Amino acid sequence: MNSWKYPAFWIALVLLLIGGFLPWVTGSRTTRETMFLILLSVALASSLNILLGYAGYVSFGHIVFFGLGGYVGIYLISRLGWPLSLATVAGGLMAALLALLLGLAILRLRGAYFALATIGVNEAVRTFINNFQPFGGPIGMELDFSVYQQYGGAANMQWLTYWAVFLLTVAVVIFSYGLKFSRFGLGLMAIREDEDAAMVMGVRTPSAKTIAYVLSAIVPGMLGVLFFFRNSSVEPHEAFRLHRSIEMIVMVMLGGQGTVLGPLFGAAAYESIRSYLLTSPLFKDLQLAIAGLLLLLIVLFVPSGVVGWLRSRFRKLWRVLE
Amino acid sequence: MSLQQYVENQPLLQVQNVSKRFGGLLAVAEVSFDLPQGQILGLIGPNGAGKTTLFNVITGVYTPTEGHVLFRGVDVSGWPPYNVVRLGLARTHQIVRPLNDLTVLENVMAGACYGYAQLPLREAREVALEVMEFLGLADRRDMLAGSLNVAQKKRLELARALASRPRLLLLDEVLAGLNPTEIAEMVEVVHKIREQGVTIFIIEHVMHALMNVSDRVIVLDYGRLIAEGTPDEIANNPQVIEAYLGDPKLAEKLLSGEEEDV
Ligand SMILES: Nc1ncnc2c1ncn2[C@@H]1O[C@H](COP(=O)(O)OP(=O)(O)OP(=O)(O)O)[C@@H](O)[C@H]1O
Ligand SMILES: [Mg+2]
Chain A
1 MNSWKYPAFW IALVLLLIGG FLPWVTGSRT TRETMFLILL SVALASSLNI
51 LLGYAGYVSF GHIVFFGLGG YVGIYLISRL GWPLSLATVA GGLMAALLAL
101 LLGLAILRLR GAYFALATIG VNEAVRTFIN NFQPFGGPIG MELDFSVYQQ
151 YGGAANMQWL TYWAVFLLTV AVVIFSYGLK FSRFGLGLMA IREDEDAAMV
201 MGVRTPSAKT IAYVLSAIVP GMLGVLFFFR NSSVEPHEAF RLHRSIEMIV
251 MVMLGGQGTV LGPLFGAAAY ESIRSYLLTS PLFKDLQLAI AGLLLLLIVL
301 FVPSGVVGWL RSRFRKLWRV LE
Chain B
323 MSLQQYVENQ PLLQVQNVSK RFGGLLAVAE VSFDLPQGQI LGLIGPNGAG
373 KTTLFNVITG VYTPTEGHVL FRGVDVSGWP PYNVVRLGLA RTHQIVRPLN
423 DLTVLENVMA GACYGYAQLP LREAREVALE VMEFLGLADR RDMLAGSLNV
473 AQKKRLELAR ALASRPRLLL LDEVLAGLNP TEIAEMVEVV HKIREQGVTI
523 FIIEHVMHAL MNVSDRVIVL DYGRLIAEGT PDEIANNPQV IEAYLGDPKL
573 AEKLLSGEEE DV
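From first to last, the protein sequence lines are chains A and B. Residue numbering for the first sequence follows the working numbering, beginning at 1 and increasing consecutively. Residue numbering for the second sequence follows the working numbering, beginning at 323 and increasing consecutively.
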């Protein structure tokens, strides 16, 4: 099937391009910082969507790949003097490796058991790194500011990482679109709909699920490197925040799991709500409670998310809003 | 004799002394039979006799507690279903299992992509459209599978299985819940499938239809194989009539086709 014919692809791409170039057009730093967080969330949510939306497996600990990537990246850059580009690739590969090992171990679990296991994994990795001296133990690692000199100084580095995140976001959205209309994607969706039936239809479910898990981990790993490089430090508490995992799920579910546009809308909407809440004195400390409440409301009333709801409400949009 | 010929001369399916136990229940007990290429083999038996369980053992959904299943001469007992079907087997489910949130076309394409045929997406689409045309599902291609009615879902099960271009097709009560016209259409379809060289193993409660399509029939009762023969022999086998219904008169009526369903 020629996926480029479908409008959803162009809608997604145009929205991303407009959003991505907005800070460049306005030249505003605030816009750039806002867009940075939105793009980061879109990329994280779209990655998670490959596992959650296509294969139907809920990972409650997906941020572990982001955190691990951050650690690997900072370590390679600060201790071994690697360039950012290579460190970013290495962060993605390490995340993929972790996902591969985990996939072989825990993807035989189904439903809630898998979800629980992923929480355990996040906590286990955090505890491990907390005690792992080469990574700085509980204190973590800091970058020497002089590193930024290679990238034209701190101000330039911020643009550089912004564009890198933008590129990754575009890449993951295009990739997840292609995946959705591929033979492999069809196998994943068969697993989501009925894993036992999929097996009887000939889908090699163990390897398909593992590959999906690996694919959903690579970009978060790479983003982790970029994010913590920009942040100039990484510490266990910040790298493996469980609530970031939950927010990722909220984004995917809010927009609509299994669609390409869903995570895009969901992440953008959620980030906007969150930044509003963070600045509002009333809700400042309640953002996590609100994320939880939102998740509850979605699951109860619009389980297929906004895009899913629109698609089933207006059947003409079915092929438009993939 | 070359290996190729040897394999071709083997019965397509050999079930050897197969038992399946669920806790204290022996659902299938020491069942043995062969299914040669090109035949239609019927399987009957009262509710709970172990028919579906036998299908599940053959397809690898369950590992047999004892015994072996040989498909195309290969011992597939204990293989996961996705490896068994890749040797050329496909099945329908008694309780339909559509991929609800995918379209009818996508459902059938998945069969063509992943079953025996192992087609790339584009060819899978061609095959799927062909099979859907054959089964009268073509005008439903973009509907969600979950929104089909029961008769259509049964056809979808069959379409998905057929799209994988199997050597052996296992049909688990594809006629149940259909009205007489639909049954007649489906019987016609089964005949056509056989003409394409597909071997068929079919479980059915709609007796006269089963007697009509089968070359040979085997009978399960409490997990045991109690009879095997041509439809005529089975219909006149007092042991079958007794075991199957416990009421010979009702049985006769059923087998002659006066009653539609049990
Ligand atoms: N997974 C299972 N666990 C435990 N018992 C099972 C399981 N599957 C089937 N059984 C039992 O095994 C016996 C045979 O069931 P099976 O479904 O094979 O019968 P059947 O001949 O297909 O009946 P029907 O005509 O009603 O479809 C039944 O008593 C059933 O309750
Ligand atoms: Mg049954």
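Derived from the structure by calculation, the hints contain no laboratory data. Quick caveat, the model's predicted, so the values are computed rather than measured. Glycine residues also receive a C-beta, built at the ideal position from the N, C-alpha and C atoms. Among these hints, one or two may not hold up.
[Claimed, not checked] Derived DEER-like restraints, expressed as beta-carbon distance ranges:
1. B:Ala-460 - A:Phe-314: 22 to 28 Å
2. A:Phe-21 - B:Ala-473: 32 to 38 Å
3. B:Asp-461 - A:Thr-30: 52 to 58 Å
4. A:Ser-182 - B:Glu-555: 34 to 40 Å
5. B:Pro-442 - A:Ser-28: 20 to 26 Å
[Unchecked claim] Stretches of chain A that chain B covers, calculated by requiring three or more beta carbons in the stretch to come under 8 Å of a beta carbon on chain B:
6. 184-191
7. 260-272
Hints, one by one, checked against the model:
1. Evaluation of the 22 to 28 Å hint for Ala-460 of chain B and Phe-314 of chain A yields a pass: the beta carbon distance comes to about 25 Å.
2. For Phe-21 of chain A and Ala-473 of chain B, the Cβ-Cβ distance of about 53 Å falls outside the hinted range of 32 to 38 Å, so the restraint is violated.
3. Distance hint for Asp-461 of chain B and Thr-30 of chain A: a CB-CB separation of about 54 Å, consistent with the stated range 52 to 58 Å.
4. Look at Ser-182 of chain A against Glu-555 of chain B: about 51 Å separates their beta carbons, and that is not inside 34 to 40 Å.
5. Checking the proposed 20 to 26 Å range against Pro-442 of chain B and Ser-28 of chain A shows it is violated: the Cβ atoms sit about 48 Å from each other.
6. Here's how the segment 184-191 of chain A fares: 4 of its residues keep a CB closer than 8 Å to some CB of chain B, so the rule of at least three is met and the hint holds.
7. Check on the segment 260-272 of chain A: 0 of its residues sit with their Cβ under 8 Å from a Cβ of chain B, so the three-residue criterion for coverage is violated.
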